[in-house]
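*Asks:* Here are the chains, one letter per residue:
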Amino acid sequence: MKEKLVVVGNGMAGMRAVEELLKLAPDKYAITVFGAEPHPNYNRILLSPVLTGEKQFREILLNDDAWYAEHGITLHKGKTVVEIDRRRRLVKASDGTASTYDRLLLATGSNPFILPVPGKDLPGVIGFRDFADVETMLTAAKEYRHAVVIGGGLLGLEAANGLLKQGMKVTVIHLVDTLMERQLDRAAGRMLKKALEARGVHFRLEAKTQEIIGKQRVQGVRLVDGTELTADLVVMAVGIRPNFALAQATGIHCEKGIVVSDTLQTYDPRVYAVGECVQHRGLSYGLVAPLFEQAKVCANHLAELGYARYEGSITSTKLKITGIDLFSAGDFSGDDSTDEIVMQDAARGVYKKVVLDGNKIRGAVMYGDTLDGAWYFQMMRDGTDVSAFRERLLFGQAHLGDAGHGDIKQRINLMPDDAEICGCNGVCKGTIVKAIGEKKLFTLDEVRAHTKASSSCGSCTGLVEALLATTAGGDYSTATKKKPMCPCTDHSHDELRIAIRAQSLKTIPAVMQQLQWKTPNGCGKCRPALNFYLLTAWPGEYVDDNQSRFINERAHANIQKDGTYSVVPRIWGGETTPRELRSLAEIAEKYRVPTVHITGGQRIDFLGVKKETLPLIWGDLSQAGFVSGHAYGKAIRTVKTCVGSQWCRFGTQDSTTLGIQLEKMAWGAWTPHKFKLGVSGCPRNCAEATIKDFGVVCVDSGYELHVGGNGGVKVRVTDFLCRVKTPEEALEYCAAFLQLYREEAHYLERTAPWIERVGLAYVKQRVVENEAGRKELADRFHYSQKFSQDDPWAARAQGAERHEFIPLKMVG
Amino acid sequence: MQTTAKKQMNDWIEIGTLDAIPCLGARVVQTADGDIAVFRTADDRVFALRDRCPHKGGPLSQGIVHGNKVACPLHDWKVHLDTGLAVEPDEGCAARYPVRIEGDRIFLSLAPEEGCPNL
Ligand code: SRM
Ligand SMILES: Cc1cc2nc3c(=O)[nH]c(=O)nc-3n(C[C@H](O)[C@H](O)[C@H](O)COP(=O)(O)OP(=O)(O)OC[C@H]3O[C@@H](n4cnc5c(N)ncnc54)[C@H](O)[C@@H]3O)c2cc1C
Ligand code: SF4
Ligand code: FES
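Line by line, the protein sequences are chains R and S. If you're matching positions, the first sequence starts at 2 in the numbering used here and goes up one per residue. If you're matching positions, the second sequence starts at 2 in the numbering used here and goes up one per residue.
Excised from the complex, chain R in its bound form (with noise of 0.2 Å):
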């Protein structure tokens, strides 16, 4: 017998929650639903634009009737369940339908706050919550000249703007003389109601409303002042309040909410509530993107896995008025202690304001261009140091150059239409907008698919994305949206990670079934990611795939365009001998090498060798002592060095001995993507240690550790991670990053995107300020590199994997 879990609240946050859970545990429960609205699912955020007649309201349906059929939930649609029996276990709608369970979600929401004033009950007076709201705003238009609405907030402005776009003559009424004065300062508050009286709405700012006039229904609004405004249609946008009556009235504790734990669980531990309903550490959230977390962490628990916990979050605002842009995150007054920057434009209409505590962002307010809005979000929250760039802070992030920390997103807005966006494939700007505009592309495969853009190296993916973003047009749950790995799943990279170790998934095909893939053996994309999400959690167990390895590591050479395949040998540190520069040689004139290239890597590169050759030369080499330099592997490549303290005049430190040193620890690992190295012997950096994904730079009193740079594509100068005194703690911290990496990056994410995407504030927490914890990530490494050091040519020159080299048959 399934357990059964009892859903009450039909809405964004608890089937979030349900949609999560069906993810990591589809067979746990038998789900039952209860809804008060007579609709399945819907987006509630894009009311909004369903308000100005933008959007239909079956565009928003987030899940229809088929969805909770598909997935055997049970859904009571315009039933509102009015009594929860604890003792029994016994949920109970109005209408006396009645459902048992083993575990109750409550998900209620909020309400409209109605402020108490006479007349707040007569027909035509609403809040704007629901769709049955929206469709009495939608009649009274039609009907209707006179509206009022009562509260300058975000969802005030919202309905102004609607109720505008549907003909009618607005006017609001705001208490304070700051618009959204929660969200914005008095300049930007300023700005914004400029731009909405130019549109038409009227405002009566510093007002209170007394009374609410009318016999049969709504005739007007008085003001305590005495003025009289014309109304037959009264919005109430002052606020809302979370919805707990039902919970207190079963005895679960509440305050301003129903107040939950970490684990989104009440105080009897079977109830768990999610969503606007909810206190948590004192706050309530009334924005959709803390309600995922919580219901993602809900979901967790429900699911019994329990590792999950949610700690509270920081949100950011955004206005939906189209054609008016608005950002605002943090604290955007600051104190004593805070600095203000400022920039104004009142002729272009933009208005900037980033409010820094010591060399952090503590909140932001722009107005009129918000392209950077979710990059100083994100600086905020990960508590980037922003001292080096400060004074260009403004300009936003497309002014910090190629060495900037960031990613290339809010660039596209300045480019031309003939700026080249796919280099491998040569797509430029303009064909991307047409297609999209053609053929109708939404997604980033549809782009893929028509226009070769973003289908081969996918350094420009992120560009693609806002290609489509500004010219498919916003979603507004972008940020909260998962990406799935690829067109074989649902699944995200990070979701997957981790049901591979919740569930001891130890096989591809095991995934695959486990998590329902769509295509019967996945694709290019999945398999080779698998296998290394496999390999990583596994060490020592798993056995490798290959064929789901991309031929270069399945051949453990690099195939050319030609067909034929390059042979990189290991040099270590870059440091070699006469004796190792003579086998060399005598190899490459024994198999006729057509190409010797000394790579960018310190090291020599036999090109156009054939594949049946390739254990014979790996046997020579073998012989001759080197190993594999995994050239063609997401893996170890080199570890450059400079001669540092043995010969250079500048040198501080050995630093050829500790990048040695560094490669034979490492050699031979599987990283997400391809990892190098660097250890340089004074801050001049011969070795480039400052592009690489792990650098050293050897100084007068240790090593200074460096992470996440990246020479390719997109220059990349690492972070600094924090200074060392020994080389052995420069290993161990190496170690611990590279296992970090490993375990947590998603496949084919370099460290330079993967750290800006979790924040050098993280991996400084886990590797630097955490003893223990690096301590335990470099033993873990260590552990894996028992399997891994094996080398793989000199396997295959004996006979490994034979049938890879040779042909199958020849004929004639």
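Don't read these hints as lab results, they were simulated from the structure. Computed from a prediction, not measured in an experiment: that's the story for all the values here. Each hint should be verified, as a subset may be incorrect.
What the hints assert, rightly or not - From chain R, some residues computed to sit far from chain S (all C-beta separations above 10 Å):
{"id": "1", "residue": "79"}
{"id": "2", "residue": "227"}
{"id": "3", "residue": "451"}
{"id": "4", "residue": "689"}
{"id": "5", "residue": "718"}
{"id": "6", "residue": "730"}
{"id": "7", "residue": "759"}
To be verified - Chain S regions said to be covered by chain R (calculated; three or more residues, Cβ under 8 Å):
{"id": "8", "stretch": "15 to 26"}
{"id": "9", "stretch": "60 to 69"}
{"id": "10", "stretch": "72 to 78"}
From the three backbone atoms N, C-alpha and C, an ideal C-beta is built for every residue, glycine too.
Chain S with the ligands: place on chain R using the hints.
*Replies:* Okay, now just chain S with the ligands, sitting in the frame of chain R:
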């Protein structure tokens, strides 16, 4: 090329057994007229195509096999194993060669099927 085109369909050549080809993998048969890639799918079906990608001639035998498609190792075009056609919206094809299986023995005909100029 002339010579292959004239070969008769019934010139079957035994090329090996099923277990010589890795599941979801491929092997190469070298012929005087160039390589032929012989693929094996998860459900043990066997297909043979000219080992030249319709894009820029990449060796399809070295690609990742999934479903009944192969992804070319050079620039990731996908090619249908059963028809030799590139997966849309790419265009082009690799010539197909008839394959016959008896027990676990695989026979290949060197006369490509008609309809694909990519030889
Ligand atoms: C051989 C070599 C060029 C040379 O002759 O010098 C080379 C050759 C290739 N590079 Fe590289 N890269 C080589 C050093 C570099 C360097 C320089 C360095 O390591 O100091 C860089 C910039 C540093 C960096 O990675 O941050 C470099 C950045 C790239 C990139 C861009 C990576 C990025 O994150 O943006 C790619 C594309 C990729 O990996 O997806 C790439 C991809 C390639 C591939 C694998 C392209 C391919 O898929 O076929 C080439 C394989 C050639 C082969 O068969 O051997 N190669 N490549 C160098 C081998 C170094 C070695 O000893 O292993
Ligand atoms: C017009 C509008 C615009 C918004 N814009 C944004 C925005 O841009 N960005 C953003 O992040 N957020 C926005 N929000 C807020 C966002 O919609 C809410 O935060 C989110 O919907 C809350 O989810 P929830 O599940 O907690 O509540 P809800 O989505 O309200 O779901 C609760 C459901 O429970 C039902 N219910 C309550 N009691 C019972 C009962 N006893 N029995 C059965 N069912 C019951 C209710 O009818 C309701 O359907 C907006 C909200 C509105 C109204
Ligand atoms: S830069 Fe690297 S990827 Fe480009 S052609 Fe040269 S070796 Fe190949
Ligand atoms: S040669 Fe096959 S995809 Fe380019």
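*Asks:* How does the coverage statement for the stretch 15 to 26 of chain S fare against chain R, requiring three or more residues with Cβ below 8 Å from a Cβ of that chain?
*Replies:* It holds: at least three residues are needed, and the stretch 15 to 26 of chain S offers 8 whose Cβ sits within less than 8 Å of chain R.
*Asks:* Just want to verify: residue 79(R) was marked as not at the interface with chain S; is every Cβ pair farther apart than 10 Å?
*Replies:* With a cut-off of 10 Å, residue 79(R) remains clear of chain S, as the shortest Cβ separation is near 44 Å.
*Asks:* Checking a non-interface call: every C-beta of chain S should be farther than 10 Å from the C-beta of residue 730(R). Is that right?
*Replies:* Holds, because the least Cβ-Cβ distance between residue 730(R) and chain S comes to about 41 Å, which exceeds 10 Å.
*Asks:* Would you assess whether residue 227(R), listed as outside the interface, keeps its beta-carbon beyond 10 Å of every beta-carbon in chain S?
*Replies:* Answer for residue 227(R): holds, closest chain S Cβ roughly 69 Å.
*Asks:* Non-interface claim for residue 451(R): all C-beta distances to chain S beyond 10 Å?
*Replies:* violated, 6 Å
*Asks:* Would you assess whether residue 759(R), listed as outside the interface, keeps its beta-carbon beyond 10 Å of every beta-carbon in chain S?
*Replies:* holds, 28 Å
*Asks:* Hey, is residue 689(R) genuinely clear of chain S, shortest beta carbon separation above 10 Å?
*Replies:* holds, 30 Å
*Asks:* Count the residues of the stretch 72 to 78 of chain S whose Cβ falls closer than 8 Å to any Cβ of chain R, and tell me whether that reaches three.
*Replies:* The restraint on the stretch 72 to 78 of chain S holds, since 5 of its residues have a Cβ under 8 Å from chain R and three suffice.
*Asks:* Please check whether the beta-carbon of residue 718(R) is more than 10 Å away from every beta-carbon in chain S.
*Replies:* Holds, because the least Cβ-Cβ distance between residue 718(R) and chain S comes to about 31 Å, which exceeds 10 Å.
*Asks:* The stretch 60 to 69 of chain S covered by chain R? Criterion: 3 or more residues, Cβ-Cβ distance below 8 Å.
*Replies:* holds (count 7)
Violated hint for the displayed structure: number 3, the only one.
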